[in-house]
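Student: When you get a sec, could you build the whole thing from the sequences and use the hints?
Read in this note's numbering, the sequence shown has 369 at position 369, and its numbers run on one by one without any break.
Among the clues, some could well be false.
Said to hold, decoys possible - When the alpha-carbon atoms are kept at most 16 Å apart in a straight line, the in silico EDC-like pairs for lysine to aspartate or glutamate are as follows: (1) K184 x E294; (2) K275 x D264; (3) K272 x E228; (4) K224 x E101; (5) K102 x E228; (6) K99 x E228; (7) K442 x E299; (8) K100 x E294; (9) K184 x E295.
By construction, these hints were calculated from the structure, which means they are not laboratory data.
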Amino acid sequence: MIAHFLKLEWKQFFRSSYFGKSIALKIIMGFFALYMLVSFLMIGIGGYFFIKKEYPNTDPLFFVNGFLVFLLIGDLIFRYLMQKLPVLNIKPFLNLPVKKEKLVHFVLGKSALSFFNIMPLFFYVPFSIVLMGQGYNAMGVLGWLFLMIMLVLSANYVNFLINKNNYALGVMIAVLAILFLGNKYQLFNVNDVFAPVFQSVYNFPAMSLIGVVLLVGLYYVNFKLLREKAYLDDAIKSKEEVAKESDLSFVDRLGDVAPFIKNDIRQIWRNKRTKTVFFMSFIFLFYGAIFFGEETYREKMPAFLVFAAIFVTGGFTLNYGQFIPAWDSEYYNMLMSQNIRYRKFLESKWYLMVVMSGALYLLSIPYIYFYGLDIFLMITAGAIFNIGFNSLFLLFAGSFNRKRIDLNKSGFSNYQGTSATQFLIIIPIMGVPMFLFWIFNKFVSFNAGVLAIAIAGALALAFKNYFMNIIEKRYIKSKYASIHAFSQKS
1 MIAHFLKLEW
11 KQFFRSSYFG
21 KSIALKIIMG
31 FFALYMLVSF
41 LMIGIGGYFF
51 IKKEYPNTDP
61 LFFVNGFLVF
71 LLIGDLIFRY
81 LMQKLPVLNI
91 KPFLNLPVKK
101 EKLVHFVLGK
111 SALSFFNIMP
121 LFFYVPFSIV
131 LMGQGYNAMG
141 VLGWLFLMIM
151 LVLSANYVNF
161 LINKNNYALG
171 VMIAVLAILF
181 LGNKYQLFNV
191 NDVFAPVFQS
201 VYNFPAMSLI
211 GVVLLVGLYY
221 VNFKLLREKA
231 YLDDAIKSKE
241 EVAKESDLSF
251 VDRLGDVAPF
261 IKNDIRQIWR
271 NKRTKTVFFM
281 SFIFLFYGAI
291 FFGEETYREK
301 MPAFLVFAAI
311 FVTGGFTLNY
321 GQFIPAWDSE
331 YYNMLMSQNI
341 RYRKFLESKW
351 YLMVVMSGAL
361 YLLSIPYIYF
371 YGLDIFLMIT
381 AGAIFNIGFN
391 SLFLLFAGSF
401 NRKRIDLNKS
411 GFSNYQGTSA
421 TQFLIIIPIM
431 GVPMFLFWIF
441 NKFVSFNAGV
451 LAIAIAGALA
461 LAFKNYFMNI
471 IEKRYIKSKY
481 ASIHAFSQKS
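Tutor: In structure tokens, the structure reads:
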């Protein structure tokens with residue numbers, strides 16, 4: 001029966017309407033996956049020797065054990081954001097003489113072959129081989145490796161339980177941030193707290209069986225939950241929801257553009273894809289912590305700090321703006337048949353991007369304390385550039401979007417609506433500010449580079465009406481091509 005399920009999955013993949021489309025995107029994702037595997041492999045092989053060189057008085061295994069908690073929580077967050085849960089369309093099987101237990105076991109078993117389960121092994125396995133080659137106890141290393149494999153598979157089934165829970169993502173990010181900041185500012189030593197826990201598995205390999213207990217428990221919980229939903233009544237009954245109306249009267253002061261903004265706010269809050277973009281914006285707020293604290297970037301590659309500064313306040317602008325007007329693709333025909341000014345429709349999107357950039361800028365103020373005034377000035381310049389240049393450029397680029405988006409599908413690891421446009425727009429929205437900063441920083445000063453970015457954004461904002469007229473004409477010109485493209489559902 002399992003072989004039959006696999007055959008059906010194979011046929012579904014090659015006979016589906018989307019097979020053969022977005023070949024370029026598939027190739028890019030394939031290279032990205034290969035890059036990740038090679039990177040993990042190189043870290044696994046060279047990690048022991050790097051730690052031994054940088055920290056000669058530290059046991060490399062003990063060092064890695066101290067930071068495993070970061071790897072495990074980071075793995076969960078990465079899975080939550082990127083991993084697609086395996087789906088078997090069980091509805092056609094529910095009225096056939098097929099045991100529901102087999103269907104559920106197939107779905108859960110299929111997930112064990114996920115790329116996200118294989119990728120960490122490219123670090124753990126080579127690292128373990130190097131350890132044994134350096135004279136570590138083979139049984140201890142194998143016990144430690146076995147526990148790591150169990151934890152990787154356990155993370156897979158934890159993701160089943162929390163995948164649609166936004167609060168779970170918030171908790172994981174908060175825990176990771178607390179551990180990172182606590183360790184960075186010496187409130188406590190993560191290595192001293194967690195290293196002995198995992199080191200004990202090396203000292204007593206039998207303790208690795210705890211991982212088996214954890215994995216079996218999580219598998220059983222997932223099996224029970226999925227088994228309870230595998231009924232025909234659940235599969236065919238329609239979902240009933242009570243519509244909730246929010247008070248958005250405060251938007252009315254914006255005049256004729258207010259109805260469009262209200263519609264956009266409701267759209268963002270009521271749909272999975274747009275809600276994902278909204279919450280992801282606040283995750284990008286912490287993006288600067290990756291770059292700003294590294295002396296390598298501050299001294300040798302300061303232009304990369306601009307990249308981070310743009311992302312800190314531009315998380316919403318970049319992720320939401322690149323798919324305008326595809327967010328409205330499901331009812332674009334109806335919208336275009338109304339007696340409305342296209343300018344108001346576009347300005348509603350612009351207001352959303354500007355307000356969110358402003359809100360994220362206010363939330364970025366703590367960067368002054370952690371990284372100094374010069375970095376915050378760069379973030380300020382990035383915010384001005386996002387509000388002035390990037391918001392308008394993304395509106396213009398949206399006139400070339402021709403791919404429909406299903407708002408009810410999750411935004412994580414979802415490439416629907418993605419085309420070459422999304423890759424090309426990265427060049428000006430990131431390349432322009434980085435180039436401006438590089439030129440002025442190299443030949444004048446750091447502050448001159450920051451000022452150049454701010455002036456470019458301010459100039460774009462000053463000529464906003466002029467650029468909006470050009471953008472409006474472009475959308476009107478491509479109006480019917482967009483209507484035709486968004487009408488294609490296959």
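Student: For each hint, tell me whether it holds in the structure or not.
Tutor: Going down the list of hints, with the structure as the test:
1. Distance check on the hinted pair: K184 and E294 sit about 12 Å apart at the alpha-carbon level, within 16 Å; holds.
2. Taking the CA atoms of K275 and D264, the gap is about 11 Å. The hint holds against a cut of 16 Å.
3. Between K272 and E228 the CA atoms are separated by roughly 24 Å; this puts the pair beyond 16 Å, and the hint is violated.
4. Distance hint between K224 and E101 is fulfilled; the C-alpha atoms sit about 10 Å from each other, no more than 16 Å.
5. A hinted pair counts as satisfied when its Cα atoms are at most 16 Å apart, and K102 with E228 qualifies at roughly 13 Å.
6. Taken as a hint, the K99 and E228 pair is honoured in the structure, with Cα atoms around 13 Å apart against an allowance of 16 Å.
7. Proximity of K442 to E299 is assessed by CA-CA distance (about 12 Å); at most 16 Å being required, the pair is judged to hold.
8. For the hint pairing K100 with E294, the CA-to-CA distance comes to about 53 Å; that exceeds 16 Å, so the pair is violated.
9. At most 16 Å may separate the alpha-carbon atoms for a hinted pair to count; K184 and E295 meet this at roughly 15 Å.
Consistency with the previously given hints fails for numbers 3, 8, ordered from lowest to highest.
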